[in-house]
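So the chains spell out like this:
Number of protein chains: 2
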Amino acid sequence: MRIAIDAFGSDNAPFPEVEGAILAIKEDICEKVILVGKEDELSKELEKYYFDKDRIEIVHASEVIFMHDAPASIVKKKKDSSLVKAIQICTEGKADGMISAGNTGAVMAASLFGFKRIKNVLRPAIAATFPTQGNPEIILDVGANVDCSPDNLVQFAELGNLYSKFIFKNENPKVALLNIGEETTKGNELYKTVHQRLLESKIVNFVGNIEGKDLLRGIVDVVVCDGFVGNVMLKTVEGAAFSIFSIMKDQIKKDWIAKIGALLSFPVYAYLKKRLDHTEYGGALLVGLNGIAVVAHGRSNGKAIKNAVRLAAKMAESGFVEHAKEYYDNKI
Amino acid sequence: MRIAIDAFGSDNAPFPEVEGAILAIKEDICEKVILVGKEDELSKELEKYYFDKDRIEIVHASEVIFMHDAPASIVKKKKDSSLVKAIQICTEGKADGMISAGNTGAVMAASLFGFKRIKNVLRPAIAATFPTQGNPEIILDVGANVDCSPDNLVQFAELGNLYSKFIFKNENPKVALLNIGEETTKGNELYKTVHQRLLESKIVNFVGNIEGKDLLRGIVDVVVCDGFVGNVMLKTVEGAAFSIFSIMKDQIKKDWIAKIGALLSFPVYAYLKKRLDHTEYGGALLVGLNGIAVVAHGRSNGKAIKNAVRLAAKMAESGFVEHAKEYYDNKI
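Chains A and B are the protein sequences, given in the same order.
If you're matching positions, the first sequence starts at 216 in our numbering and goes up one per residue.
If you're matching positions, the second sequence starts at 216 in our numbering and goes up one per residue.
Be careful, since some hints might not be right.
Since the list gives no way to pick out one identical chain from another, each pair is judged satisfied if it fits inside one copy or across any two copies.
[To be verified] Straight line, CA to CA, 20 Å or less: simulated EDC-like cross-link-like pairs of lysine to aspartate or glutamate:
| # | residue 1 | residue 2 |
| --- | --- | --- |
| 1 | 489 | 470 |
| 2 | 291 | 453 |
| 3 | 428 | 465 |
| 4 | 380 | 397 |
| 5 | 241 | 362 |
| 6 | 291 | 307 |
| 7 | 407 | 284 |
| 8 | 488 | 470 |
| 9 | 334 | 541 |
| 10 | 428 | 226 |
| 11 | 291 | 544 |
| 12 | 488 | 465 |
| 13 | 428 | 453 |
| 14 | 401 | 544 |
| 15 | 331 | 537 |
| 16 | 268 | 537 |
| 17 | 401 | 284 |
| 18 | 247 | 386 |
| 19 | 380 | 537 |
| 20 | 407 | 254 |
| 21 | 294 | 278 |
| 22 | 529 | 284 |
| 23 | 253 | 537 |
| 24 | 468 | 362 |
| 25 | 389 | 278 |
| 26 | 469 | 404 |
| 27 | 292 | 362 |
These are calculated hints, taken from the structure and not from any lab test.
Take the sequences, apply the hints, and build the full model.
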């Protein structure tokens, strides 16, 4: 597999991107990595590493997309940006998938323009993988579509179902709808309608509503929600974990016995940190597109970029996109 | 102050309710508690305690509301329920406020019927108090209104503002809108409209959007959202904390050195537990009603009930309802 990396996406670009590329090659995650961005900077950065030169290629792109760039205008105004070019490399058949740690809205806009939607898919979604007490959970949409129709959410359920089947090898994924109660009658108009539609679905193994309190228990495989609720929820979990650790840290500092205790319990904290670490999960996949685009966290380090490359390579190998195309071609 | 307790609301009713009543009297939180429910059961339970008999009264109510009772039909079908009667006692002037640990939807429906809305308030909201790294935060709505208009959310901001002023004595509360990004242009149609409306508000000190990741930092006083998002978010925080502790516990069990460490760090865990403990906060207040109704957690213990009584008494003393009435009378 050949994966293109938008090398100027992350907050500390291009360092994590270059390190991630090196790690991906060394760990044989893919055959080839194409780093897209300012050639001089990338060459200079690559000089720091010892690696197989045949397996990392640089493709020059003169422009960089910033957080304040309006996603809608990027494709027209920044044609020579590392993001737009990384996608172009894929659509020209020179790479099998791409990753970016840049502005999610921009990645979605550029991907829609470059890859295009799969025929009959109304709107692509961002599917995040969530660490839980049990198996990882796919949650979608976590931010691409803030105003959704019932049709959108039903499609997210179908796309999440395929994702879980193809990537996590779940034969019959348990698909749940995020809601404010388990009962069928719970939720706002949108969620009540979607609940009924999913109950009637012959494709998706719908197991009912799931509440926020059960999200991290790992009892389902796919959680469906609109992009507004999904994004609020994703960031709330991130914030809750952070705040809990902060309160603990402050207290440990105040008490030397607790400090010794914390040192002895260190493996527990390390394990927990690893379990909740976003860098382990390789970012979120844009599903519903005619190609493979993975969005990594803006604060990604080399390991996170490497894991994003792994996810993109896994997706490309799995045939997920081809299967989704076939599915939606036959459906309507 | 005289507070009525729906003594058959909680999961373990009437034990926590009776214990809470006793604690409230012993700690002089209010002058009198009126326990509403089956007289024989309550008398029998009260016999276990030694207390000033003049300060706890029982008012008989023969019926109990269950989780499966449809909120809308309660007022007609269960007129002699402990919930409906506790509210009636208030509207007849025999108590200054009431609390219930029962089904939130039922409490809202019965309160709307009994207390009525404050004139010009479109919809009452449930305002929860959130423990944070800093000062407690009021978040509303957390479940009463799952489909909201911009007018609803603007009123929630005003009601939250009053709540923070009257109960937490914040002179100029910082009011934020829950959203998926800090920028003015972020959010779905509803939230973008509300953001603009709040920017123009002359009453509320609107400090902009707040993201899920910053909710527990305690950097604002009031967070506004619709009841669907608020409820998902509230339960997500609860679940995240629970899952983090579960993962830690499982790991600690596996490693005897970590076990000793955890024992030494015990005060830290105890502090954290207390900080995140819902029983400390006395439940959520229904705001926008012509009366005082507090909803406690279904899993409340005696302490949680006592703290709910404290919140109801504080509200009654503060003149919050009268002030809100005056405010909305003059406004339109």
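Cross-check of the supplied hints:
In the homo-oligomer, the alpha carbons of residue 489 and residue 470 lie at most 20 Å apart only across protomers (17 Å), although the nearest pairing inside one protomer, at 26 Å, exceeds that limit. Neither within a single protomer nor between protomers do residue 291 and residue 453 lie at most 20 Å apart by alpha-carbon distance, with minima of 34 Å and 44 Å respectively. For a Cα distance limit of 20 Å, the shortest separation of residue 428 from residue 465 across copies, 19 Å, qualifies, whereas the shortest one inside one copy, 26 Å, does not. In this assembly of identical chains, residue 380 and residue 397 lie within 20 Å of each other by CA distance neither inside one copy nor across copies; the values are 25 Å within and 36 Å between.
Taking the shortest alpha-carbon separations for residue 241 and residue 362, neither the intra-copy value of 42 Å nor the inter-copy value of 52 Å comes in at or below 20 Å. For a Cα distance limit of 20 Å, the shortest separation of residue 291 from residue 307 inside one copy, 19 Å, qualifies, whereas the shortest one across copies, 68 Å, does not. Taking identical chains as interchangeable, the C-alpha atoms of residue 407 and residue 284 lie at most 20 Å apart only when they sit on different chains, with a minimum of 19 Å there against 37 Å within one chain. When the C-alpha separation of residue 488 and residue 470 is checked against a cutoff of 20 Å, the pair qualifies only between copies, where the shortest distance is 17 Å, while the shortest distance within a copy is 22 Å.
Taking the closest pair of Cα atoms, residue 334 and residue 541 come within 20 Å of each other only inside a single copy of the chain (9 Å); across copies the shortest separation is 57 Å, beyond that limit. In this assembly of identical chains, the alpha carbons of residue 428 and residue 226 lie at most 20 Å apart only when taken from different copies (18 Å versus 32 Å within one copy). For a Cα distance limit of 20 Å, the shortest separation of residue 291 from residue 544 qualifies neither inside one copy, at 30 Å, nor across copies, at 53 Å. Proximity of residue 488 and residue 465 under a CA criterion of 20 Å is satisfied in both settings, with 17 Å inside one chain copy and 14 Å between copies.
In this assembly of identical chains, residue 428 and residue 453 lie within 20 Å of each other by CA distance both inside one copy and across copies; the values are 14 Å within and 6 Å between. For the homomeric pair residue 401 and residue 544, neither the shortest alpha-carbon distance inside one copy (33 Å) nor that between copies (34 Å) is at most 20 Å. In the homo-oligomer, the alpha carbons of residue 331 and residue 537 lie at most 20 Å apart inside one protomer (14 Å), although the nearest pairing across protomers, at 58 Å, exceeds that limit. In this homomeric assembly, residue 268 and residue 537 never come within 20 Å of each other (Cα to Cα): the closest approach is 31 Å inside a single copy and 76 Å across copies.
In this homomeric assembly, residue 401 and residue 284 come within 20 Å of each other (Cα to Cα) only across copies, at 14 Å, whereas the closest approach inside a single copy is 39 Å. Neither within a single protomer nor between protomers do residue 247 and residue 386 lie at most 20 Å apart by alpha-carbon distance, with minima of 31 Å and 61 Å respectively. When the C-alpha separation of residue 380 and residue 537 is checked against a cutoff of 20 Å, the pair qualifies only within one copy, where the shortest distance is 14 Å, while the shortest distance between copies is 58 Å. Taking the shortest alpha-carbon separations for residue 407 and residue 254, neither the intra-copy value of 52 Å nor the inter-copy value of 40 Å comes in at or below 20 Å.
Proximity of residue 294 to residue 278 under the C-alpha cut-off of 20 Å is restricted to the intra-copy arrangement: shortest distance 8 Å within a copy versus 70 Å between copies. Proximity of residue 529 and residue 284 under a CA criterion of 20 Å is satisfied in neither setting, with 31 Å inside one chain copy and 49 Å between copies. With identical chains, the CA atoms of residue 253 and residue 537 are never at most 20 Å apart, being 33 Å at best within one copy and 65 Å at best between copies. In this assembly of identical chains, residue 468 and residue 362 lie within 20 Å of each other by CA distance neither inside one copy nor across copies; the values are 45 Å within and 45 Å between.
Taking the closest pair of Cα atoms, residue 389 and residue 278 never come within 20 Å of each other, the shortest separation being 43 Å inside a single copy and 40 Å across copies. Taking the shortest Cα distances, residue 469 and residue 404 never come within 20 Å of each other, neither inside one copy (49 Å) nor across copies (46 Å). Taking CA atoms no more than 20 Å apart as the test, residue 292 paired with residue 362 passes in neither setting, with 26 Å inside one copy and 39 Å between copies.
Hint violations for this structure: numbers 2, 4, 5, 11, 14, 16, 18, 20, 22, 23, 24, 25, 26 and 27, all remaining hints satisfied.
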